[in-house]
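Residue numbers (the working numbering), protein chains in the order written: chain G, 1 to 115; chain C, 1 to 108.
Check the hints yourself; a few may be wrong.
[Said to hold, decoys possible] Capping the alpha-carbon separation at 30 Å, the derived lysine-lysine pairs in DSSO-like fashion look like this:
#1 G:LYS57 <-> C:LYS69
#2 G:LYS57 <-> G:LYS78
#3 G:LYS83 <-> C:LYS52
#4 C:LYS69 <-> C:LYS52
#5 C:LYS69 <-> G:LYS78
#6 C:LYS69 <-> C:LYS3
[As the list claims (entries may be wrong)] These stretches of chain C come out as covered by chain G in the derived footprint (C-beta under 8 Å, 3 or more residues):
#7 11–23
#8 55–61
#9 73–85
Honestly, the hints are just simulated from the structure, not real lab data. By construction, the Cβ of each residue, glycine as well, lies at the ideal position given by its N, Cα and C atoms.
One-letter residues, chain by chain:
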Amino acid sequence: EPEVTQTPSHQVTQMGQEVILRCVPISNHLYFYWYRQILGQKVEFLVSFYNNEISEKSEIFDDQFSVERPDGSNFTLKIRSTKLEDSAMYFCASSREGTAGNTIYFGEGSWLTVV
Amino acid sequence: DAKTTQPPSMDCAEGRAANLPCNHSTISGNEYVYWYRQIHSQGPQYIIHGLKNNETNEMASLIITEDRKSSTLILPHATLRDTAVYYCIVRVGNQFYFGTGTSLTVIP
Chain G
1 EPEVTQTPSH QVTQMGQEVI LRCVPISNHL YFYWYRQILG QKVEFLVSFY
51 NNEISEKSEI FDDQFSVERP DGSNFTLKIR STKLEDSAMY FCASSREGTA
101 GNTIYFGEGS WLTVV
Chain C
1 DAKTTQPPSM DCAEGRAANL PCNHSTISGN EYVYWYRQIH SQGPQYIIHG
51 LKNNETNEMA SLIITEDRKS STLILPHATL RDTAVYYCIV RVGNQFYFGT
101 GTSLTVIP
């Protein structure tokens, strides 16, 4: 069964450092997403991406965050200057279409620890 | 914010049906109800979704009331591996608003 894959599974970084989280969405999917979950809290939407552009973003997704699809398979989330409060599990997701009836599939997550 | 309300926790005996309720009284006519589950801190796993009609797949059944203000996810024969947090989500546009879900514990 096709799945969304994410790397790394766990990363520890020092405050102020840049971090790139990588994702390979399901191959025929066109819509890509990042969500995050701070330990013990809800899963929160960050951003959606379609046709090489951000289509929606939340208030969390400020100027220190950026997303990119550098080639035909990868989808990345960059955090420019990490803060302690960026420590969270980051989930990549994808869907074939952007319509409401189209299922979004999540990866297993990248656990980011900022120290 | 999440447009759904779920009980915080439930128990179910192994082998019995687990019935997880969800209220979504403010749902709009074109908004779908999705169910996902999360085991420990793994990625949310898709279970099922529906608009108006009841739905069934290999994992579960989804019963949506006629007025669409509530729904029930049914796991027909719960196993220990079904212990997880179950999220009922009303999809708004291209975003999912996750609530706190129902923590289901399947008891041997």
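Evaluation of the provided hints:
1. Of the supplied pair hints, the one linking LYS57 (chain G) and LYS69 (chain C) holds, its CA atoms being roughly 28 Å apart against a limit of 30 Å.
2. The straight-line distance between the Cα atoms of LYS57 (chain G) and LYS78 (chain G) is roughly 14 Å, inside the 30 Å bound, and the hint therefore holds.
3. Of the pairs offered as hints, the one joining LYS83 (chain G) and LYS52 (chain C) is violated, with about 44 Å between alpha carbons and a cut-off of 30 Å exceeded.
4. Between LYS69 (chain C) and LYS52 (chain C) the CA atoms are separated by roughly 10 Å; this keeps the pair inside 30 Å, and the hint holds.
5. Only pairs whose Cα atoms come within 30 Å are accepted, and LYS69 (chain C) paired with LYS78 (chain G) is rejected, the gap being roughly 39 Å.
6. For the hint linking LYS69 (chain C) to LYS3 (chain C), the alpha-carbon distance of about 11 Å falls within 30 Å, and the restraint holds.
7. Counting residues of the stretch 11–23 of chain C whose CB lies closer than 8 Å to any CB of chain G gives 0, which falls below the minimum of 3, so the coverage claim is violated.
8. Residues of the stretch 55–61 of chain C lying with their CB closer than 8 Å to a CB of chain G number 0, which falls below the three-residue condition for coverage.
9. Counting residues of the stretch 73–85 of chain C whose beta carbon lies closer than 8 Å to any beta carbon of chain G gives 0, which falls below the threshold of three, so the coverage claim is violated.
In the structure shown, a violation is registered for the earlier hints numbered 3, 5, 7, 8 and 9, in ascending order.
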